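Using the sequences and the accompanying hints, generate a full structural model.
Oh and the sequence shown: position 273 is 273 in the UniProt record's numbering, straight run, nothing missing.
No wet-lab data here; the hints were simulated from the structure.
Please read all numbers here as calculations on a predicted model, not as lab measurements.
Mixed in with the good hints there might be a few duds.
Claimed, not checked - Cut-off 25 Å, straight-line C-alpha distance, at most; resulting in silico cross-link-like pairs (SDA-like, lysine to any residue):
| no. | residue 1 | residue 2 |
| --- | --- | --- |
| 1 | 42 | 159 |
| 2 | 68 | 104 |
| 3 | 68 | 159 |
Claimed, not checked - Label pairs and their computed distance ranges (CB to CB):
| no. | residue 1 | residue 2 | range |
| --- | --- | --- | --- |
| 4 | 257 | 93 | 16 to 26 Å |
| 5 | 286 | 165 | 39 to 49 Å |
| 6 | 197 | 58 | 26 to 36 Å |
| 7 | 164 | 295 | 31 to 41 Å |
| 8 | 199 | 92 | 41 to 51 Å |
| 9 | 100 | 198 | 18 to 28 Å |
| 10 | 96 | 182 | 31 to 41 Å |
| 11 | 68 | 286 | 41 to 51 Å |
| 12 | 224 | 123 | 18 to 28 Å |
| 13 | 121 | 280 | 36 to 46 Å |
| 14 | 64 | 256 | 12 to 22 Å |
Glycine is no exception: its CB is placed at the ideal position from the N, C-alpha and C atoms.
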Amino acid sequence: MEETAFIIVVYKKVRASPEQSVNQALPKNTRTKIGRDMKEVKRPVVSVVVPVYNTEPFLAECLHSLEKQTLTDIEIILVNDGSTDNSGRLLREYADKDARFVYVEQENQGLSAARNTGMEHASGHYLAFLDSDDWLAENALQVLCAIAAKTRTDIVSGNTLAVHADGQVQSWERRGRELFATGTVVSGSTYFSRVMDCRCYVPMVYNYLYRRDFIEQNRFRFEPGLVHEDELWTPQVLTTAQKITVADIDFYYYRQREGSIMTATAAGRRIASIQLIIEKLLEYSRKHLFEKKYREAKEALYVRLLQIYSTACTLHPDGTYTTLYDRAGEMLRVCEELRRQESLGRWYSEEILNRMKLYYDRLQTMEG
1 MEETAFIIVV YKKVRASPEQ SVNQALPKNT RTKIGRDMKE VKRPVVSVVV PVYNTEPFLA
61 ECLHSLEKQT LTDIEIILVN DGSTDNSGRL LREYADKDAR FVYVEQENQG LSAARNTGME
121 HASGHYLAFL DSDDWLAENA LQVLCAIAAK TRTDIVSGNT LAVHADGQVQ SWERRGRELF
181 ATGTVVSGST YFSRVMDCRC YVPMVYNYLY RRDFIEQNRF RFEPGLVHED ELWTPQVLTT
241 AQKITVADID FYYYRQREGS IMTATAAGRR IASIQLIIEK LLEYSRKHLF EKKYREAKEA
301 LYVRLLQIYS TACTLHPDGT YTTLYDRAGE MLRVCEELRR QESLGRWYSE EILNRMKLYY
361 DRLQTMEG
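What follows is the structure, encoded as structure tokens:
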């Protein structure tokens with residue numbers, strides 16, 4: 001008996017550009033022919049990646065905020081990263097009742113890997129990230145996507161609100177609101193240096209909306225296994241962007257949860273991650289920020305590295321100081337170079353340098 005061949009043919013109609021407006025420029029349907037069946041496939045305006053690991057107590061609020069978005073043409077990629085509680089069941093329930101929710105399950109690989117998995121499944125014009133214990137304002141995606149479409153920008157920067165257990169709400173970017181008028185469009189390198197200058201830089205990946213083609217063209221992915229993975233991702237993404245639009249919009253609600261006591265093992269992992277982040281960002285700056293036009297962004301990045309390193313000096317338990325010895329010397333040299341260029345004072349006082357020197361002296365004493 002002759003076998004029936006299943007041929008996939010994609011018919012693309014002429015589309016309005018998604019940048020014209022969110023409401024008018026929703027992508028026209030793309031017809032996909034599979035065998036004798038015809039179905040309509042529409043590329044969503046935005047894909048939201050939600051990595052999930054054992055956040056059952058907070059998950060419903062997160063998912064409900066996505067379900068009730070005023071922009072309805074969205075895709076939500078739910079990545080169950082090996083949860084051992086009932087998170088997976090709740091995720092499947094949402095996927096079963098609402099076709100916009102896409103459920104993906106994998107063995108536990110960590111936050112970076114879960115985000116990468118979500119990005120591989122995303123198909124929207126824009127890309128957003130939401131941690132599974134946080135939530136979005138009801139009109140967040142509609143407003144951000146409208147701004148991105150109007151300004152034809154690579155990234156839109158919004159505002160994150162920290163919500164404490166007692167209900168107190170705090171904005172992380174209060175000082176930055178005086179830096180840019182809402183709707184301001186600047187280059188990524190200019191944006192990065194200015195927010196560092198006013199000490200209102202937010203490294204968290206979810207503080208921004210991204211044009212997905214920009215992310216894919218530059219092959220941006222998260223480094224698996226890292227702690228503080230956003231510290232590596234965000235400076236590279238921001239300084240690579242041709243255009244960033246600043247939006248004075250409170251759209252993301254971050255749940256400030258009580259921290260647990262850090263074990264020696266956890267502290268050691270954080271130290272190793274910070275070392276790798278510093279090494280990779282130094283390499284990135286040498287390869288991509290060497291031109292004169294990037295000088296301020298490069299200086300800002302070095303100051304950020306000093307902040308990260310200075311924090312690391314206070315985190316680790318006794319007995320692990322020597323693991324940072326070589327890096328301390330290199331970071332001190334960076335700091336001295338910034339001071340010679342009179343760049344360090346633009347961001348911070350001598351506090352960082354003094355703390356670094358004190359720490360370095362302690363290391364030398366221990367080595368002796």
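Okay, the hints, checked on the actual structure:
no.	hint	result
1	42 with 159	violated (30 Å)
2	68 with 104	holds (21 Å)
3	68 with 159	holds (20 Å)
4	257 with 93: 16 to 26 Å	holds (24 Å)
5	286 with 165: 39 to 49 Å	holds (43 Å)
6	197 with 58: 26 to 36 Å	holds (35 Å)
7	164 with 295: 31 to 41 Å	holds (39 Å)
8	199 with 92: 41 to 51 Å	holds (43 Å)
9	100 with 198: 18 to 28 Å	violated (38 Å)
10	96 with 182: 31 to 41 Å	holds (39 Å)
11	68 with 286: 41 to 51 Å	holds (46 Å)
12	224 with 123: 18 to 28 Å	holds (23 Å)
13	121 with 280: 36 to 46 Å	violated (26 Å)
14	64 with 256: 12 to 22 Å	holds (20 Å)
The structure fails to meet hints 1, 9 and 13 from the earlier list, while all remaining hints are met.
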